[in-house]
Amino acid sequence: MTHGRVNPSQRLEDQGMVGLGTVYYNLLEPALIEQALKRDEGTLGNGGTFLVSTGKFTGRSPLDKHVVKTPDVAAKIWWENNAEMSPEGFDALHADMLEHMKGRDFFVQDLYGGADPTLRLDVRMVTELAWHSLFIRHLLRRPAREELAGFVPEFTIINC
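Residue numbers for the sequence shown follow my numbering, beginning at 190 and rising by one.
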């Protein structure tokens, strides 16, 4: 089952993510907060601010960033601070992740990385947690409502 606005030719199923639970596409902030509260992902603070406890893990480990090393990107990456991953390693990780996703609900945001239409990247963020979807809506730029019908992601990030 799906909810929200999405380009009908760009559903997660069209990207190989099948057997999912409910998929919520491009929900606005009030609906994301409602979903996050229903799922006990956080609480409301004074004035209606949504609060989340991240525990002791508040950042990303710099050692957790990997780039698939292929001939076409090998010379374009600064390898000093990026770990390499083989295409075969990526394929195995991707297959495990697709299996993990089956039967679970997901939140999808189609957004722009960058303001200039000639330079921006059309990004799709797929998350298991509603509050992660809410967070990315504040980090990247939101397309106009009418732009979603033709949105085609150039880059998909799956956070699960």
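Hints are not guaranteed to be accurate.
Capping the alpha-carbon separation at 27 angstroms, the derived lysine-lysine pairs in DSSO-like fashion look like this [what the hints assert, rightly or not]:
(1) Lys265 x Lys254
(2) Lys227 x Lys291
(3) Lys227 x Lys245
(4) Lys291 x Lys254
Here are the computed distance ranges between Cβ atoms for each label pair [as the list claims (entries may be wrong)]:
(5) Phe279 x Val341: 20 to 26 angstroms
(6) Leu252 x Gly302: 20 to 26 angstroms
(7) Leu217 x Thr243: 21 to 27 angstroms
(8) Phe279 x Arg331: 28 to 34 angstroms
(9) Ala264 x Asn196: 32 to 38 angstroms
(10) Arg200 x Gly302: 28 to 34 angstroms
(11) Asp261 x Leu233: 26 to 32 angstroms
(12) Met274 x Phe246: 19 to 25 angstroms
(13) Thr232 x Lys265: 26 to 32 angstroms
(14) Thr345 x Glu269: 36 to 42 angstroms
(15) Gly339 x Gly236: 24 to 30 angstroms
(16) Lys291 x Ala264: 18 to 24 angstroms
Honestly, the hints are just simulated from the structure, not real lab data.
Where a beta carbon is used, it is the ideal one built from N, C-alpha and C, also for glycine.
Status of the hints after comparison with the structure:
Simply put, Lys265 and Lys254 have alpha-carbon atoms about 16 angstroms apart, close enough for the 27 angstroms limit, and the pair holds. Distance restraint check for Lys227 and Lys291: the Cα-Cα separation of roughly 21 angstroms lies within the 27 angstroms cut-off, and the hinted pair is therefore satisfied. A distance of roughly 24 angstroms separates the Cα atoms of Lys227 and Lys245; the hinted pair therefore holds under the 27 angstroms criterion. At roughly 25 angstroms between alpha-carbon atoms, Lys291 and Lys254 fall within 27 angstroms of each other, so this suggested pair holds.
The hinted window of 20 to 26 angstroms between Phe279 and Val341 holds, with their beta carbons roughly 22 angstroms apart. Between Leu252 and Gly302 the Cβ separation comes to about 24 angstroms, which falls inside the hinted range of 20 to 26 angstroms. Look at Leu217 against Thr243: about 23 angstroms separates their beta carbons, and that is inside 21 to 27 angstroms. Taking 28 to 34 angstroms as the suggested C-beta distance range, the pair Phe279 and Arg331 conforms, at roughly 29 angstroms.
Ala264 and Asn196 have their C-beta atoms about 34 angstroms apart, which keeps the hinted 32 to 38 angstroms range intact. Between Arg200 and Gly302 the Cβ separation comes to about 21 angstroms, which falls outside the hinted range of 28 to 34 angstroms. For the pair Asp261 and Leu233, the beta carbons lie near 47 angstroms from each other, so the given range of 26 to 32 angstroms is not met. Between Met274 and Phe246 the beta carbon distance is about 22 angstroms. The supplied range of 19 to 25 angstroms therefore holds.
Hint check: Thr232 to Lys265, Cβ distance near 44 angstroms, so the stated range 26 to 32 angstroms is violated. Our hint of 36 to 42 angstroms for Thr345 and Glu269 is violated, since their Cβ atoms are close to 26 angstroms apart. Checked against the hint of 24 to 30 angstroms, the pair Gly339 and Gly236 fails, with Cβ atoms roughly 37 angstroms apart. A beta carbon spacing of about 37 angstroms between Lys291 and Ala264 contradicts the range 18 to 24 angstroms that was offered as a hint.
The structure fails hints 10, 11, 13, 14, 15 and 16 (numbered hints given earlier, in ascending order).
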